[in-house]
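There are 2 protein chains.
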Amino acid sequence: MKKTSRPEIPRKAIYRLSIYLRCLQRLKANGIRTVASEALAAAAGVKSTQLRKDLTYFGQFGTRGLGYDVEQLGALISDVLGTTRLQPVILVGVGNLGSALLSYRGFQQEGFEIIAAFDQFPEKKRSRKFATPMLGMDKVEEFVRKHAVKMAVLTVPPEAAQEVVNTLIEIGITGILNFSTITLQVPEDVMVNNVNLAIELENLSYFVQQ
Amino acid sequence: MKKTSRPEIPRKAIYRLSIYLRCLQRLKANGIRTVASEALAAAAGVKSTQLRKDLTYFGQFGTRGLGYDVEQLGALISDVLGTTRLQPVILVGVGNLGSALLSYRGFQQEGFEIIAAFDQFPEKKRSRKFATPMLGMDKVEEFVRKHAVKMAVLTVPPEAAQEVVNTLIEIGITGILNFSTITLQVPEDVMVNNVNLAIELENLSYFVQQ
Chain A
531 MKKTSRPEIP RKAIYRLSIY LRCLQRLKAN GIRTVASEAL AAAAGVKSTQ LRKDLTYFGQ
591 FGTRGLGYDV EQLGALISDV LGTTRLQPVI LVGVGNLGSA LLSYRGFQQE GFEIIAAFDQ
651 FPEKKRSRKF ATPMLGMDKV EEFVRKHAVK MAVLTVPPEA AQEVVNTLIE IGITGILNFS
711 TITLQVPEDV MVNNVNLAIE LENLSYFVQQ
Chain B
531 MKKTSRPEIP RKAIYRLSIY LRCLQRLKAN GIRTVASEAL AAAAGVKSTQ LRKDLTYFGQ
591 FGTRGLGYDV EQLGALISDV LGTTRLQPVI LVGVGNLGSA LLSYRGFQQE GFEIIAAFDQ
651 FPEKKRSRKF ATPMLGMDKV EEFVRKHAVK MAVLTVPPEA AQEVVNTLIE IGITGILNFS
711 TITLQVPEDV MVNNVNLAIE LENLSYFVQQ
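Protein chains in written order, with the numbering used here: chain A, 531 to 740; chain B, 531 to 740.
These are calculated hints, taken from the structure and not from any lab test. Certain hints may be false.
One copy or any two copies: either way a pair holds, since identical chains are not told apart in the list.
Think about it this way: if two alpha-carbon atoms lie no more than 16 Å apart in a straight line, the pair counts; the simulated EDC-like pairs of lysine to aspartate or glutamate are [to be verified]:
(1) K659 with D599
(2) K676 with E700
(3) K680 with E730
Just chain A, same shape as in the assembly (with noise of 0.2 Å):
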């Protein structure tokens, strides 16, 4: 299923690619129309070699002398990203932290709208506060199909994280920001970022004692 059509870029890449990105944006709402890639490379935190070899992924665009079109760069590495159109997004298991994320509204602002949420009691999940249509997971096929979502923000309890995210991939759901506490077990073309609240803070704990 993979284009050839796009050179394979490592996922650390990607990375670095999103946080360029910003840095292009602050840049763009300051003003600021060309940058040189040590400026660029200072402000996301990286070598300027590393950022000339990220770019290089995707052809040269710097100018020697000149450095790089802010608005340009900002458009391919959006392009890149697949963030130039607004990317629907599910979210299943409606709890503390889901039901946190529904009311977050800054996902839409960066490009992603969660446009249906999923529980296994969707009818004592639904409130006034969310916007977003509140659904059985016996209708999650349907949807996802329906609406070709490709992407699903998991929140559900640990010892169902599994089972759900077997019946998402069967679905179609291929990209899963799992925000649950067990690592999932998935195919090799199923892409999972793992965001643990809890296991950032503990770590920090371990070093705030020190």
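Dock chain B against chain A, hints included.
Quick look at chain B alone, frame taken from chain A:
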């Protein structure tokens, strides 16, 4: 300021300790009292050689042929991570994401309590839906020193983030969970863990296009 009594454990190993702890908690909840290193490693998604190596940082705990004592190993890891007692945390920046995190009740279950939230305009952000005290940034120094807070959750806009961090470090914060989208400059003895939900989604977005 480093204690010499505690071995230096690599940062990635600390993350894995958190994952082992979650696995041990689930085993304990299921009434399982001992676990072989292979089984614990499989549950955590690591190789058993990795698990055994990580556990040697604080001594050997497996009994050959019997495996690890689930409760004892859990207690030990929890002690190393500093999560045996509820840890005080402050949250700085009560925007969309800050509000969402304040309404998330999950931190406390994991051993962290957000004991106060700070904002530039606290009077505008106070609401009956938050039980957490909401204070102005002019109160942060007194509060942090009085309650010996070491950890902060940072949810301020990117343009304010570095300045706020400089203040937090000055008053004794040494662990920062950074949700803002900029790369923070901090001294070596301060630990920053970055959580960027938009960047995680963008990263998935790239892969689901493949």
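To see whether the hints hold, each was checked on the structure:
1. K659 with D599: neither (42 Å within a copy, 46 Å between copies)
2. K676 with E700: within (15 Å within a copy, 53 Å between copies)
3. K680 with E730: For K680 and E730, the Cα distance is within 16 Å only across copies (14 Å; inside one copy 27 Å).
Violated hint for the displayed structure: number 1, the only one.
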